[in-house]
Each structure stands twice: as structure tokens, then as C-alpha cells.
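Sequences and hints are given; from them, build the entire structure.
Residue numbers (the working numbering), protein chains in the order written: chain A, 1 to 342; chain B, 1 to 342.
Hints may be right or wrong, so weigh each one.
Any copy will do: because identical chains look the same in the list, a pair fits if it lies in one copy or spans two.
[Said to hold, decoys possible] Result set (DSBU-like, lysine-lysine): computed pairs, CA atoms no more than 35 Å apart in a straight line:
{"id": "1", "residue 1": "K276", "residue 2": "K10"}
{"id": "2", "residue 1": "K59", "residue 2": "K137"}
{"id": "3", "residue 1": "K54", "residue 2": "K10"}
{"id": "4", "residue 1": "K276", "residue 2": "K72"}
{"id": "5", "residue 1": "K137", "residue 2": "K247"}
It is worth saying that the hints were derived from the structure and are not from the lab.
If you're wondering where the values come from, they're calculated on a predicted model, not measured in any experiment.
Protein chains: 2
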Amino acid sequence: MGISSDYRDKRVLVTGGLGFIGSNLVRRLVRLGASVTVIDACYPDQGANFYNLKDYLEKINLVVADIGEADKISEYLPDQEIVFNLAASTSHVGSLLNPLRDLERNCLSQLKFLNLLADLSPRTMVVYTGSRSQYGKPLYLPVDENHPLRPVDINGVHKTTVEEYHRVFHERNRLRCTSLRLTNVFGPRHQMQHDGQGFLNWFIREGLLGNEILVYGEGSQQRDFLYVEDVVEALLLAGTSEACVGKAFNLASGTSITVAEAARAVAEATGTTWRKAPFPPEYASVEPGDIELDASLFRETLGWEPRWDFHAGLMETIVFYRQHGNHYFRSQEWKTCRTRNR
Amino acid sequence: MGISSDYRDKRVLVTGGLGFIGSNLVRRLVRLGASVTVIDACYPDQGANFYNLKDYLEKINLVVADIGEADKISEYLPDQEIVFNLAASTSHVGSLLNPLRDLERNCLSQLKFLNLLADLSPRTMVVYTGSRSQYGKPLYLPVDENHPLRPVDINGVHKTTVEEYHRVFHERNRLRCTSLRLTNVFGPRHQMQHDGQGFLNWFIREGLLGNEILVYGEGSQQRDFLYVEDVVEALLLAGTSEACVGKAFNLASGTSITVAEAARAVAEATGTTWRKAPFPPEYASVEPGDIELDASLFRETLGWEPRWDFHAGLMETIVFYRQHGNHYFRSQEWKTCRTRNR
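Below, the structure is given as C-alpha cells:
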């Protein structure tokens with residue numbers, strides 16, 4: 001069976017479904033014939049953008065709520081067959097300035113959600129998206145799944161806490177859970193309002209707006225970028241795989257380039273320039289250095305291979321934002337969805 | 001310098017200081033000449049017992065508050081030199097029944113506390129007490145500090161989350177933190193109201209009340225019991241050691257006996273009997289099997305050695321409860337302290 005038949009008429013819930021990865025996943029799920037419910041809190045500093053699903057709204061259930069709000073989400077949980085649990089508040093610097101908010105939005109909301117889901121829809125398959133930030137500054141490269149988890153900030157700590165909730169709920173037979181720890185993901189539908197999440201998309205924004213691209217420090221750190229469509233493919237595979245259940249996997253492209261090389265590629269493709277600039281202290285303090293994840297466990301378990309090389313993904317992303325950039329660079333279409341529910 | 005001069009006139013804060021380990025530590029600190037403040041929430045299902053410090057109340061500051069209650073504790077935090085951060089809600093079964101309460105009492109309160117402490121008393125030395133439950137079912141024995149952290153319940157997950165808060169606060173130069181991961185600790189001043197924390201003390205209670213001691217299952221699981229006075233000694237050493245800062249250490253006796261052997265020893269010493277009984281399902285589900293921690297890293301770093309063997313600690317504990325048992329077995333003197341503040 002291929003992915004296409006696996007998802008036809010399946011009841012699928014995507015938390016964080018108005019965000020970057022979530023909305024790309026939802027669009028694919030709808031095209032595969034799944035019955036899709038989206039829950040998204042639409043926090044203004046996060047990735048939700050109403051425009052991400054504007055042309056799909058008639059084909060999904062959209063619930064604007066924090067996943068911790070039982071009164072708003074309970075009716076949508078029974079009988080869900082697969083849950084892609086992507087809802088998260090992601091801010092490394094912000095989690096140090098306001099760690100309690102990070103705790104509330106990530107751990108508290110997720111624990112409420114999993115507890116409720118296990119009660120209302122037991123044995124559901126849940127795919128959680130972890131992060132390479134769980135590892136902190138690598139002790140060796142490439143980083144495999146056995147690398148110690150020593151994140152540099154509170155957000156990274158909480159990514160692991162929530163992953164651990166999934167593992168414990170799985171081991172107690174209340175849900176069936178898999179975690180994919182993602183590396184630097186880029187592509188269409190990423191928020192472009194601030195540079196606190198994913199600097200490659202920020203470079204693209206700067207290039208398309210004709211601004212000079214600023215690389216903090218020497219830009220010599222290695223990063224393995226992964227195009228969002230490859231992440232969607234991996235999530236879809238994990239969502240129907242019994243072999244994945246109970247495990248955590250790295251997900252990465254396996255090919256690294258430096259931050260400076262990425263800046264140069266974006267500058268060339270968008271016709272702008274780039275230069276090095278001093279690291280702002282708050283960014284320096286959460287900079288993990290070279291990153292390269294070893295994704296061989298996931299590749300071997302599911303036969304997944306990334307299909308998009310860096311350049312092809314970059315071109316696709318630039319084409320998308322050239323056409324739709326006005327919904328991401330200046331306007332804030334997430335505001336629309338805060339007043340809407342259905 | 002020995003421990004005795006290290007603590008003379010030092011300003012020391014003990015969170016959870018009315019509890020089992022905390023009160024034994026406080027008594028020792030007072031005798032060493034420290035200026036001691038105790039913060040304890042006196043949650044009725046936890047270890048606080050007013051009687052634990054009844055004869056020391058004129059010599060300490062006692063604040064009855066949750067460590068997350070800034071309005072109640074802020075005035076006591078400035079200028080603390082050493083903080084023994086023992087406050088915790090410990091219930092493995094309870095954390096599965098009510099995971100949100102476990103999150104609130106452990107992660108939320110601790111994160112508030114550390115954030116406040118770092119603001120009001122930066123660079124303070126903080127010694128946190130972790131737990132062998134952070135490791136879960138051992139993959140190998142003895143368990144060293146590099147063993148994966150895969151606890152079997154939510155309380156164990158949160159023990160690691162809070163330990164990680166300490167590490168991140170330390171690495172960001174906001175506090176100086178050490179974690180000691182404790183094995184099965186026993187001794188005087190342990191609560192005797194329920195068997196949800198530390199079964200050896202529960203065996204002693206049953207023996208002293210003339211009840212038959214029930215061992216769940218075969219009782220063949222190995223445990224390395226550690227007498228509370230050895231833990232106090234280790235905490236005191238860690239509290240003044242720069243070599244410990246930023247690290248997590250196992251703390252254990254290094255000599256294991258089985259649960260059945262422990263039951264037999266208690267039965268002989270108290271003149272009662274013991275027998276095997278079926279595992280209640282909720283206990284079976286959090287039973288980690290054989291446990292033996294490798295404490296060589298801490299022993300080598302600080303020259304600490306346990307001074308109490310199992311039998312000597314057991315006799316001392318029985319003597320204590322023979323004399324004071326009425327304040328632990330039946331009465332609930334923690335109730336007194338909920339209406340009282342310093």
C-alpha cells in the first residue's frame with residue numbers, strides 16, 4: 001500500500017495545522033482524501049497564518065483553540081485515527097526571557113491534550129514533531145538518537161519533556177506514539193514576520209524585499225536543511241507505520257552546507273547581497289554550533305529518502321513567496337483567524 | 001576545611017525542609033551553626049511533618065508556602081549562600097492518575113522558584129535532589145550517569161525536567177547548580193501515613209504496629225538502600241563543592257539486597273512476620289525491576305563514602321520510630337503546620 005491509499009477516508013487531526021509544516025501537511029492530506037480536522041491556537045508570535053489554508057477551508061474542520069482547552073476541542077477528538085501533533089510554541093530566546101509561558105504553552109497544553117485524547121480516542125496513532133534543539137551543542141557529528149539530550153534553552157528542555165509524555169502514554173497503552181526530531185526545515189508557508197524561527201526563510205524574505213542579508217558571526221556553522229515537502233512525506237509514512245511506534249527518530253537531509261553558503265545561494269537567487277554582522281548576544285547564547293543529524297534509523301525503518309536537494313527546495317520557496325509574499329511579509333493574516341471558528 | 005567550618009554562619013535555604021530528607025538535613029545544619037530558612041508547602045499527601053523539626057523551631061526561619069508562591073517567599077531569598085532544593089511532590093502512581101497536578105507542583109513551582117532565586121540571589125549554589133526513577137527500567141547494571149533517562153511514569157519525567165532547569169540556569173550563569181540522583185533512601189522522619197514513597201519505611205511501620213509485612217510479587221528485585229544520614233553528608237559536601245557544579249551525580253550505597261531480604265530483616269528486628277502477596281496492578285505498572293546505581297563518580301569527586309550499612313541504619317530507624325512513632329503512624333502533625341507560619 002502506498003501513502004495515497006493509506007489516508008483515503010481516514011480521520012486525521014493536525015494540531016498546529018495553520019502553521020508552516022502543519023499547513024503543508026494538511027493540504028497534502030486533503031488531496032489524499034483524508035477527513036482532516038485542524039486545531040490551532042493562532043498565537044500571534046507563532047507560525048499560524050490563515051492564508052496557509054485559505055483555499056482549503058471548505059474541505060477541513062478548523063478549530064481555533066489552544067490544544068489545552070478541553071471545552072473547545074473535546075468534541076473533535078473521538079474516533080480520530082491519526083493525530084499529527086505539531087502544535088508548539090517555538091522561541092529559543094523567548095523561552096529564556098519568559099520560561100513560564102513556554103512551560104504553559106508547551107508542557108501544560110500538551111499534557112492536557114494527550115490526557116484528553118487518550119481518554120476520548122484511545123490507541124490513536126500520534127506523530128509528534130521533536131527538534132534537533134533537544135540535543136544542544138553536539139558532542140559528536142553526525143548526531144544520532146542516542147546522543148545526550150542537553151539543550152541550551154528552556155524551549156529545548158520542554159521539547160523533550162513533551163516527547164517524554166508521548167513515550168510514557170505509549171508505554172502505558174493509552175496512545176501509540178512516534179516522535180520525529182526535525183532539523184532545520186524550510187519552504188513555503190513559513191511565517192515571515194520575525195527571524196526567531198528558521199533563519200533560511202528569513203534570508204529569503206530579506207532577499208525578496210531587496211534587503212542585504214545579514215549573517216551573524218562567520219557563518220561557518222554547518223546546517224542540514226530539509227525541505228518541507230520531504231518532512232510531509234516522512235510524517236505521512238510515520239503516521240501509518242507500526243514499526244515506528246514507541247520510538248524517536250532523527251529526520252534530516254544528510255547533506256550539510258554552511259550558513260554563509262546558504263546566504264550566498266539566497267542572495268544569488270534573489271539578486272541581492274549578503275554580509276557578515278556581529279552576533280547579537282541573545283542569539284549567540286542559543287547558537288548550537290555545527291549541526292548534522294544522522295537520520296539513518298528512520299531511512300532504514302521506513303525507506304524514506306529526501307527527494308528535494310537544497311537548491312531545488314530554495315527555488316520552489318522563492319517562487320512561492322514571489323507569488324504570495326504579500327500575505328506573509330507585511331500583512332498578518334493570522335489576525336483574521338482569531339475571530340473565526342467553525 | 002571540614003563540613004563543620006564550611007557551614008558556620010552560612011545563610012542556607014532548605015526547600016521541603018519539613019520532609020524526610022530535608023528535616024534531617026536542617027537539624028544537622030543548625031548544629032553546624034548555619035542560619036537556616038525552611039520553605040515547605042506542607043501538602044498533606046507528601047512528607048512534611050511538623051514534628052520533624054518541633055525541637056528546632058526556635059532556631060530556624062520556617063515559611064509555610066509552595067516554592068512557586070513569590071509573594072510568600074521573595075523576602076527570604078536575597079543573600080542565601082546555599083540552597084538545598086528538596087521540595088518535590090513524589091507519587092509515581094499519583095502522577096499517572098493526575099499528571100497535571102504533578103506538572104504544577106513540580107515543574108511549574110520549580111521554574112517559578114529558580115527564576116525568582118536567580119533574580120534575587122544570583123550565583124547562589126543550588127543542590128537539587130533528583131531520583132533513580134529518572135532512569136526507568138535499567139538497561140544495564142549498575143546504572144551510571146550516562147544511562148538513558150526513560151522513566152516509567154510522569155513523575156519521573158518531571159524529575160528530569162526540573163533537573164534540566166537547574167542545568168540550563170547554571171549554564172546561563174544565573175545560578176550554580178548540582179544534582180544528586182538518589183536511590184532508595186530510608187531512615188527516621190520519613191512519613192508513615194501511606195506506602196506511596198519508600199517501601200522500606202513502610203515495612204518498618206508494619207513491623208512496629210505488629211502487622212504482617214506484605215512483599216508484592218516475589219520480592220527478588222535488587223535495591224540499594226541508603227541511610228538518610230549518608231545522604232545528609234553527601235548534600236553537605238555537594239553544597240560547598242565547586243567541583244560538583246554543573247553536574248549530575250548518582251548517590252547510592254553500592255550494596256544491594258533484595259526486597260524480600262529487606263522484609264525479612266525488618267520482620268526479625270521488629271518481631272513480626274512477612275509474606276509474599278500479589279502485586280496490585282497500579283504498583284506493578286511502575287515497578288522498575290532490579291536497581292543498582294553506580295555512585296563512583298560522586299565518590300571519586302568528593303571522597304564521600306557511605307558510613308551506615310543496611311543493618312545499622314535499620315536498627316537506628318526502628319529505635320527512632322519506637323520512641324516517636326505516635327507522631328508518624330496515627331497522628332498527622334503536618335496539619336498543625338498548615339495554619340502556622342514562622
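Give me the numbers of the hints this structure contradicts, sorted from smallest to largest.
1, 2, 4
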